[in-house]
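> Top to bottom, those sequences are chains A and B.
For the first sequence, numbering that gives the first Met the number 0 gives the first residue as 0, with consecutive numbering after it.
For the second sequence, numbering that gives the first Met the number 0 gives the first residue as 0, with consecutive numbering after it.
Derived by calculation from the structure, the hints in this document are not laboratory data.
Keep in mind that a hint or two might mislead.
Said to hold, decoys possible - Coverage of chain A stretches by chain B, computed from C-beta distances (three or more under 8 Å per stretch; other residues unrestricted):
1) 155 to 168
2) 341 to 350
Said to hold, decoys possible - Some but not every residue of chain A turned toward chain B, in silico, with C-beta under 8 Å:
3) Leu86
4) Asp142
5) Tyr216
6) Arg269
7) Pro273
8) Ala277
9) Val296
Heads up, the beta-carbon is just placed ideally off N, CA and C, and yes, glycines get one too.
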Amino acid sequence: MTTLRSVTRELFERMRDESVDVDAEFVVAPSSLDETAAVLGAAAAAAIPVAFYGGGTHQGYGGASQADLIVTSTRLNRIIDWQPDDLTVTVEAGVPIAELESEIAARRQTAVLPETAHGATIGGVIAAGLSGYRRLRYGPTRDRVLQVQIATGYGKVVSGGSPVVKSSTGYGLPRLFTGSLGSLGMIGTVTLKLWSQPLATATVEIDHAAAALRETYRPLAALETSDGSFLYLAGAESQVTSQSYSLGGTPRPGLIWPGPIMNPIRIELRVPAPFVRAAIEQAKRLGAARWIAEHGVGRVEAGLDSVDEATLVVARTWAESVDGALVVTADADIGLDPWGTPPASIEIQQRIKNAFDPAGICNRGIMPGDM
Amino acid sequence: MHTHPIDRVIYAKDSSISSGDPEIVVLPETTAEVAAVMRIATAEGMPVVARGAGTGLAGGAVPPPGSMLVVLTRMNEIVEVDEIGQSAWVGPGLINLDLSAALEDRGLHFAPDPASQQSSTIGGNVGTNAGGPHCLAEGSTIAHILGVEIVTANGDVMVLGGAAPDLPGYDLRGLIVGSEGTLGIVTRVLVRLTENPPDDVTMLISFVDIADAARAVSGIISSGLVPAALEMMDGPMIEAVENFVHAGLPVGSGAVLLAEVVGHPNGIATEAELIREIAGSNNASEIRTASDTDERALLWKGRKSAFGAVAQAAPDYYLNDTVVPRTRFVEVLNEIYAIADRYDLRLLNVFHAGDGNFHPLVSYDASESGMTDKVVAASHEMVQAAISAGGTLSGEHGIGIEKHHLMPLVFSADDLDAQARVREAFDPSDLLNPGKVLPEGSRCFDRPTT
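With these hints in hand, go ahead and build the complete structure from the sequences.
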C-alpha cells in the first residue's frame, strides 16, 4: 500500500491545485473527465478517501467526511456547447452558475439555477441537488438535467441520460447523480435544459402568500419570509400588470429575491406543500433568526444562531410524521445529525453506493445511513 | 390466476410487433397480493413481467416463455386527492384519461397525455416515462411523479419519494420512472397534478412545404415562447387522418402545425399573435384559430387519431420514436424521407415538433414476404440518422425488447455497465422483466474475459 501511495502521490503532484485553500494531504485539479477517472481509479486502488470541491459554498452539507484527497473542479471550467435554438447547454462542472446564467442571458435564456447561491458551481449545485425559488413554476433542477458524465468511484467515465430535451432511453442516471453529493463519483459535464426568460416580471409584496398563490395562475414563486411575503409574477407585460392589480399589492418590476441565509446553523424543513405554515411555526419554535418558506413547494429554510438539540429532535419528529424531513445543511461543526431517519429504501441505496463506489472512497458518510 | 391457453394468448402481446408466452397470468387487486406473488416467483426463480393496458410500443410488457405476467388493471382506484398540495395517490391500473376526467371539477389534471391516454394506465406511463403533446411545456411523466410504492424483487413493499421536496437519499423514484418494470413493480403512484389553465388558444397552421413548417417550429422555439403544445403532421398523414375522422384538415398541404398556448388570457393573446407572425413569415398558407371548445376538440381529435387512421389504411405499421436536437429537424427529416424512398416504403409522419420528437411511421402489410425485415432495416437507418444528428433512441415509448439491441448506438460499454449496476442493485437475481431495456452482456463482468 505504501508503494501504491507513493506512485499515486507522483500522479497527483502533476495536477496539484494551489488555488483552493483546504486542508488535505493532496489537492488536485484534473483538467478532463478522463484524468478525473484516473485519479479516482488510483485513489480506489490505494484506498485513499476522497472529497470533491467546487465553489466551496456548500462544503459541510451532509454527513461529515474525512478525506486525504480533495479533487477540485477548478480546471473543468468550460461552457462546452450552448445551443440557444435548442434551449440546451453543455457545461463542465467547475463553471460558476453566475457565469453560466450571465452568458446565456445574452439570448434572454436561463438555466433556472438557484438565484442566490453566489459562488456555487454547476457541479456543486447538481451534486447537492439544489433548486432555486422558481422551482414552483419550472420544476426542480433535476428535471432539467438531461445528461451527466461522471467519473465513478471505480475509475470509469460514465455518461447517463440523453443530450436532448426528451428521452425514455435507458435508466435515469442523471436523476440518480443529482443530489448524490459526490458519493458515487465526481460530476464532470452536464447538459441542461434551458428556459427562455419571461417577457416581463414583477415582485409583489402581499399579506398572505398561500392565499395569493391560490388566486394566481402559476406564478414563479410564492415566498413567505421573516421579512414579508412576496409573489413573483412572469409573463407578457399586460398579464403581469393585470395579475399584480388583482393581488392588490404594489408591484416592483423585476425579481427581487431574499438574500441568502447566512446564520451559522441552517436547517431545511422539507414537507408536503399543505404543511408549509406548520413548518414555519416549527422554525420559529427553534428560534430561527431568519426563514424563507416556499409555498406550493414545501421547503422552509431557516437560519439559527444557536440550537437546542431537543427542540430540533421534536421538529424533526414532526416533519417525519408528515412524510417530510428536517435536514441540517450547516451546523457550525457541532455535529448535528444532518438527515434524520434513513429512507425505507436504505438497503437498495446502499447497494447503489457500493455499485458506483466499491472501495468506499467517495465522500464516505455524506449520505443518509452513513453511506 | 389464469393459465388457460386462451388467456395466455390474450396477454402474450402488447401494441408492439413482438409477442411472448406467459406461463401464468395474475390479476392482483392489492399491493399485498402483488408482494405475495412476487415472493412465490422469487422462490421459484420465475421471471416476472408487469403489465398495464398493453398499449406499449416497444415490447416492454411482452412476457418471455415461462414467466409470470402481473396485470395491474384491477388496481385502478384513486386512493386520495390532495387538492391544496395538488397531488393524488392512485393505483397503477388507473387509466390516464380517467384521472384527469375525475379531477375536472376541482380544476386539476394529470399533464402527461400520450396518444394512448384513453386506454393506457398511469403505471404504464410511469414504466415508459410516457410523453405526449403537452409534455413540451410540462415535461414528460417523470416531472409529474412525486412518489411510488413498489414491490421489490424479493417481495418487500416500500415508498420511494413523496410529496415533500428533495427527501434525503438517492432519487430512486427518478430511477423507477422509465425503468419499464425492471427495477420493481409499481403498486401505487403519487402523481403531481397541474392546474387547468384559465384560457387557451389553439391554432391549425398549414404549409405547402414541410421545410417551412419545420422552420416555423424553430422560429417559435427560439423566439422564447414555450407553447403548451406544438405538433406537426406531414402531407401523407394529413390525408390518412382526414379520411378517418373528417376533422376538416387541409388535404393537399405539405404539413400542418397544431399550436396551442395556454394561461392567463392577456398573456396568451400576445403569444398567439407572435406565433401567427412567425408562421406568416415562414410562408404559412392558412392559419385557423379554434373559435370554441368544440372546434378545439376537433382539431385535437385529428392529431390524436393519427395511429388509428394509419391502422385503417394498412394492416400493419411500425413506429419509431427518436428525438433530435430541434436545430437539426429539417436535415433529419429529409434523410428519413430519402430512406423511405430508397426502400420503397409508405411513410407517414407525426411529430412532437416542439420537442424534436419524431414518429416516422411505416405502414405496410406484414403478410408480404420479407416485408417486416425490410421495414425493420429501414427503421434502423432512420434511428441511425437521428442519432448521428445528436439525437437519441426513444423520446417517450421506451426501449423494451424492440430497441435494446440499439442501445450501444447511444451508450458506451461503460455507460451500459453503469446502468446494469443500477439494475443489479434493485434486482440481483434478474427476475424483473429480464431481457428488456439493456442488451445482453451489459454488465461488464458478464462478458467473456479471455
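> Hints first: check each against the structure and report whether it holds.
How the hints compare with the structure:
1. 155 to 168: Check passed, 13 qualifying residues.
2. 341 to 350: holds (count 8)
3. Leu86: holds, 7 Å
4. Asp142: holds, 5 Å
5. Tyr216: Holds, because the Cβ-Cβ distance from Tyr216(A) to chain B comes to roughly 5 Å (cut-off 8 Å).
6. Arg269: It holds, given that the least Cβ distance between Arg269(A) and chain B is near 5 Å, below 8 Å.
7. Pro273: The hint holds - Pro273(A) has a Cβ within 8 Å of chain B, the shortest such distance being about 5 Å.
8. Ala277: Status violated, d = 12 Å.
9. Val296: At 6 Å from the nearest chain B Cβ, Val296(A) passes the 8 Å test, so the hint holds.
The structure does not agree with numbered hint 8 stated previously, though it agrees with all others.
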